[in-house]
Amino acid sequence: MRPASGPSRDHGKLMTLDSSGNMDVRSRKDVGLLFEPGDVVVANTAATLPASLQGLHVQSGQDIEIRLAGWVEAYDVTRFKAVAFGAGDYRVPTEHRLSPPTMRPGDRLRLGPLRATVQAVLDHSRLLELRFQGDRKEILAGLARHGRPIQYAYVPKPLELWDVWTHLAAEPIAFESPSAGFALSWDTLSRWQKRGIAFATLSHAAGISSTGDPDLDQRLPLDEPYEIPPRTAAAINKARLQGNRVIAIGTTVVRALEAATCSGCVVRSGLGVARNLIGASTNLCTVDAIVTGVHEHGESHYELLRAFADTSVLESMNQRAAAEDFQAHEFGDSMLIERQARAKRSQAV
Amino acid sequence: MKQHRTDLRKHLPTPTLSGLRVAVTGGTSGLGLALVRQLREGGAQVALVARTEEAVERVALETGALGLVGDVGRKEDIYPLALQLTGQLGGLDVLINNASSLGPTPLLPLADTDCEDLELALAVNLVGPFRLTKALFGALTASAREGRCAVVVNVSSDAAVNAYPHWGAYGASKAGLLHLTSVWNEEAKSLGVQFLSIDPGDMDTPLHAAAIPDADTSQLKRPEDAASEVLQAVLQALSPQEPEERFQSSLLGEPS
Ligand SMILES: NC(=O)c1ccc[n+]([C@@H]2O[C@H](COP(=O)([O-])OP(=O)(O)OC[C@H]3O[C@@H](n4cnc5c(N)ncnc54)[C@H](OP(=O)(O)O)[C@@H]3O)[C@@H](O)[C@H]2O)c1
Chain A
1 MRPASGPSRD
11 HGKLMTLDSS
21 GNMDVRSRKD
31 VGLLFEPGDV
41 VVANTAATLP
51 ASLQGLHVQS
61 GQDIEIRLAG
71 WVEAYDVTRF
81 KAVAFGAGDY
91 RVPTEHRLSP
101 PTMRPGDRLR
111 LGPLRATVQA
121 VLDHSRLLEL
131 RFQGDRKEIL
141 AGLARHGRPI
151 QYAYVPKPLE
161 LWDVWTHLAA
171 EPIAFESPSA
181 GFALSWDTLS
191 RWQKRGIAFA
201 TLSHAAGISS
211 TGDPDLDQRL
221 PLDEPYEIPP
231 RTAAAINKAR
241 LQGNRVIAIG
251 TTVVRALEAA
261 TCSGCVVRSG
271 LGVARNLIGA
281 STNLCTVDAI
291 VTGVHEHGES
301 HYELLRAFAD
311 TSVLESMNQR
321 AAAEDFQAHE
331 FGDSMLIERQ
341 ARAKRSQAV
Chain B
1 MKQHRTDLRK
11 HLPTPTLSGL
21 RVAVTGGTSG
31 LGLALVRQLR
41 EGGAQVALVA
51 RTEEAVERVA
61 LETGALGLVG
71 DVGRKEDIYP
81 LALQLTGQLG
91 GLDVLINNAS
101 SLGPTPLLPL
111 ADTDCEDLEL
121 ALAVNLVGPF
131 RLTKALFGAL
141 TASAREGRCA
151 VVVNVSSDAA
161 VNAYPHWGAY
171 GASKAGLLHL
181 TSVWNEEAKS
191 LGVQFLSIDP
201 GDMDTPLHAA
211 AIPDADTSQL
221 KRPEDAASEV
231 LQAVLQALSP
241 QEPEERFQSS
251 LLGEPS
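Chains as they are written, first to last, in UniProt numbering: chain A, 1 to 349; chain B, 1 to 256.
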């Protein structure tokens, strides 16, 4: 499927799959007409950090790009997990990028006004833990000045922060956009409000989604901190008690809600870290449906979708999407996938 | 400034400034500086924005507020400001769009006003607050959903409603801002975000001195008095009451 080549003002398309397996294609602007009174839609309010930093590896004198990829400790900006790239930028697809010089603990990096030290090389030579010099204010100011949003080779025009913040973006904690949220507008939310559909939010620090290195990509998603406000947990638990549906806007919301669901399928509010991997064998406890982008076999997001529907169903959705000229990736079209009745699914492994 | 009705609030808990997360543009002089000082005295967490670095640092040091250097009239500055504001304050409850550009002084009749100067007035006084509000709207609505209230104050002027000769560019920008404020308020009240347009009245500030150098300053309001009125209006908006009541008290003030 072709990737969407940038943020767009058009509404885009939406493919829906209901719980009995019926597929339909409509305009995404109709998303406000979906769902039933009493259902609750949950979205992620994470704003995206300018996580791509060009700079210098001091020991080798070589140019590098650092992509901040995850938190070491929730929202402590002095320490990040990061992925190193060699010289060059996003115009070269990640899988063809030069390797970075060998990095060792103690190595120093100059990233525009920011100074960082390699604290540790994690379980891959390009996956680092970095420590930044300065206090929170100085580091945020440095990121605001020098950092750029993580870019994509298939988006020719450089992305600015305003391109990668969804309408709901509130706290800058994500490393890449929780991009399913691009399907929401304030107009859609007001339609839901008028129709008695509840809307609630959480924040989930979406980490880097791919690195171009299959070995490294296998380690994704990294652990991601999240926070569920008490009102959100209450709205979800109430909807479930009353037999209404919980619709997650994006994979990050699924991951957070399932991580925060404890025995008896009750969602707990508060801070947590999502370490769970969701896939075909996951028995979803809380989420009934997901709105997401178009994902293809091999992506970690695709694995997560297998918790909602079998590969055969997902594949037929993707075939239909290709036939209808759907666009993939961050700024592409959307899919609404309701969890298929368990009995109908050939048993998960 | 309009007298606010207080009878409705008599038996309700009084909100305070303590712990509120507030951003003030133009916080280094005049009304903005007085707002930053009073907010900090009241225990609010405050971020201020202005263009001149030394002044920003001086006020940050004096008040313990977070100082951010930026120009609200520049598109490129808005998101970096929003990133630092929300990243430092951990969210936002109140945004006060106070920074303003008078344009070149002495003020001129419209026929003598360069188009570029009208554009600048619109960029700083109208489009800037719009951009900043949009960039921070996610944070403001998140605050409202969590049961904290959210308020946006757009500082207006009597020049927004009266046709004062020589005040055309500035007045048009403030008239536009007044109208945006009322439409924002209509659209955002169901989301729990209130928009107030407040005319602080003629104050003894550098802006006033630049516009009317020979004014009798003893006749002018102290910016401190205007600031405490603005904060009272914010607190009233934050206190539980009928939405209709809020809207009226905030927008129908007599021009001073
Ligand atoms: N004074 C009056 O009589 C009067 C009457 C009615 C309404 N008002 C309104 O009250 C508000 C405050 O006025 P004031 O008299 O207190 O003004 P002031 O003393 O001149 O202060 C203006 C503040 O705004 C900052 N500022 C100016 N342009 C900016 C920009 N592009 N980006 C960011 N910050 C900027 C200035 O710092 P930098 O220059 O360093 O950026 C300064 O901190 C304004 O909205 C004004 O229109 C005033």
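Hints may be right or wrong, so weigh each one.
Just a sample of chain B residues kept apart from chain A, beta carbon distances all over 10 Å, derived [to be verified]: (1) G42; (2) I78; (3) P104; (4) L110; (5) E146; (6) E187.
Covered, in the sense of this in silico footprint (three residues per stretch, anywhere, with C-beta under 8 Å from a C-beta of chain B), are these stretches of chain A [as the list claims (entries may be wrong)]: (7) 43-52; (8) 99-111; (9) 170-182.
Derived by calculation from the structure, the hints in this document are not laboratory data. Remember, it's a predicted structure, so these values are computed and weren't measured experimentally. For every residue, glycine included, the Cβ atom is placed at its ideal position computed from N, Cα and C.
Tested hints:
Here B/G42 stays apart from chain A, with its beta-carbon at least about 22 Å from theirs, past the 10 Å limit. A beta-carbon of chain A is positioned within 10 Å of the beta-carbon of B/I78; the least distance is around 8 Å. Interface exclusion of B/P104 from chain A stands, the closest Cβ pair being 30 Å apart, more than 10 Å. The Cβ of B/L110 lies farther than 10 Å from every Cβ of chain A, with a closest approach of about 33 Å, so its non-interface assignment holds.
With a least beta-carbon separation of about 5 Å from chain A, B/E146 fails to lie farther than 10 Å from that chain, contradicting its non-interface assignment. Remark: the non-interface label on B/E187 conflicts with the geometry, its nearest Cβ contact in chain A lying 8 Å away (cut-off 10 Å). Given as covered by chain B, the region 43-52 of chain A passes the check, having 4 residues with a CB less than 8 Å from a CB of that chain where 3 are the minimum. Here's how the region 99-111 of chain A fares: 0 of its residues keep a CB closer than 8 Å to some CB of chain B, so the rule of at least three is not met and the hint is violated.
Coverage of the region 170-182 of chain A by chain B holds in this model, with 3 residues showing a Cβ closer than 8 Å to a Cβ of that chain against a need of three.
Violated hints, in rising order: 2, 5, 6, 8; the structure is consistent with all others.
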